[in-house]
Amino acid sequence: MALAGLRRQAGQFLTASNELMAASLSTATCAEEMQRAEGGGCRDDAAALRLKGVAMAAILVAGVLGVGLPLAGRKRRALRTDSAAFRAAKAFAAGVILATGFVHMLHDAQHALSSPCLPAAPWRRFPFPGFVAMSAALGTLVLDFLATRFYEAKHRDEAARVKAAAAATLAAASSASDEDITVVTVAEEDERKAPLLQTHCHVHSHGHGHSHGHGHDMVPIEGREGDVSEHVRSVVVSQILEMGIVSHSVIIGLSLGVSRSPCTIRPLVTALSFHQFFEGFALGGCIAQAQFKNLSAILMASFFAITTPAGIAAGAGLATFYNPNSPRALVVEGILDSVSAGILIYMSLVDLIAADFLGEKMTGSLRQQVMAYIALFLGALSMSSLAIWA
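When the letters of the sequence shown are read in order and numbered with the numbering used here, they come out as residues -1 to 388.
Heads up, some of the hints might be wrong.
Said to hold, decoys possible - Distance condition first, Cα-Cα at most 20 angstroms in a straight line; then the derived SDA-like pairs of lysine to any residue:
1) Lys291 to Ile238
2) Lys291 to Val62
3) Lys73 to Ala86
4) Lys291 to Ala157
5) Lys152 to Ala308
6) Lys291 to Gly66
7) Lys152 to Ala135
8) Lys291 to Lys161
9) Lys152 to Gln289
10) Lys161 to Tyr149
11) Lys161 to Ser172
12) Lys152 to Ser133
13) Lys152 to Arg231
14) Lys73 to His229
15) Lys291 to Gln237
16) Lys152 to Leu168
17) Lys291 to Glu156
18) Lys291 to Ala86
Calculated from the structure, these hints are not laboratory results.
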């Protein structure tokens, strides 16, 4: 009995010792992580601040160029949304978005939520990055469905109002024409009735032809249900895609802004500029295809372009008291990166790749298929290669 109690106490002591050792090792690793984040001896606040200014300017220019090129090319024949060049560019953009979700966002989320600065329970005992990304993808599916139904109902209501107004106008015009002609024919002499009746028939026929002409104008609207549906999908895709891109652009900007190490910031300037250009190109292509009004397109493009530089500026202002390795900061960063990853992976696979590569326009031409697949793989590889630096 005493031996059993001694064994139990020894087991409890060993367990407590192991937990204490693990905690001390975790603390040491967290300290190393914080030292690495501070630059590992390469800390220079003045030089880092200058590089942040350069990064803000470079990333802003890259973002404006990336999102602006597809929008500026809307009026050019070679870059219209129904051209082969635009489809190839959109396939390249889809590859960029896919790589951003898998290679950049999901990896960053995994790195943040598995940090030794976080307690083991629950963050390292459950795959939160994948779970949150999956939940975000399913949530995006629901949002995609609801937004599409909302815009389709809005289009149907507008079309019904236009059709009813046109029918009322035509009915009023036809009624007024018939009454005028009847009054004239009653007042005229008998020998002039025949010509006026011919005129009446001519006017009535002309009115019928006019009515038929309006009906012909309305038929394409009703017959373009596929075009209306495609337009609605483009509007929804561009808005949800911007939401996913902007959410992680804020994190990227903050991460660079709070850094005090020129050795860390310097390689990120070029890498994030390319990153912003590719993402802007992808978003700009979706905005162009959605055919927003000029003001709406400019507002969406501007909001994307300024998000990362604004994040850098905010991070620079918070650098003196913001700790990127604090548990709260790591959890927020990891969750937001996971959500962004889920949104971008869903959008790239479902709304960009599957919608285009399995559509009739793509399957009808072998040349377009080859160009699109090459562009898709090139976009994915280009964005993935940036993970070496950022």
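Hint by hint, here is what the structure shows:
no., hint, in the structure
1, Lys291 to Ile238, "18 angstroms, holds"
2, Lys291 to Val62, "18 angstroms, holds"
3, Lys73 to Ala86, "17 angstroms, holds"
4, Lys291 to Ala157, "19 angstroms, holds"
5, Lys152 to Ala308, "35 angstroms, violated"
6, Lys291 to Gly66, "14 angstroms, holds"
7, Lys152 to Ala135, "25 angstroms, violated"
8, Lys291 to Lys161, "23 angstroms, violated"
9, Lys152 to Gln289, "17 angstroms, holds"
10, Lys161 to Tyr149, "18 angstroms, holds"
11, Lys161 to Ser172, "16 angstroms, holds"
12, Lys152 to Ser133, "28 angstroms, violated"
13, Lys152 to Arg231, "13 angstroms, holds"
14, Lys73 to His229, "18 angstroms, holds"
15, Lys291 to Gln237, "14 angstroms, holds"
16, Lys152 to Leu168, "25 angstroms, violated"
17, Lys291 to Glu156, "17 angstroms, holds"
18, Lys291 to Ala86, "24 angstroms, violated"
Violation of the numbered hints given earlier is confined to hints 5, 7, 8, 12, 16 and 18; the remaining hints are satisfied by the structure.
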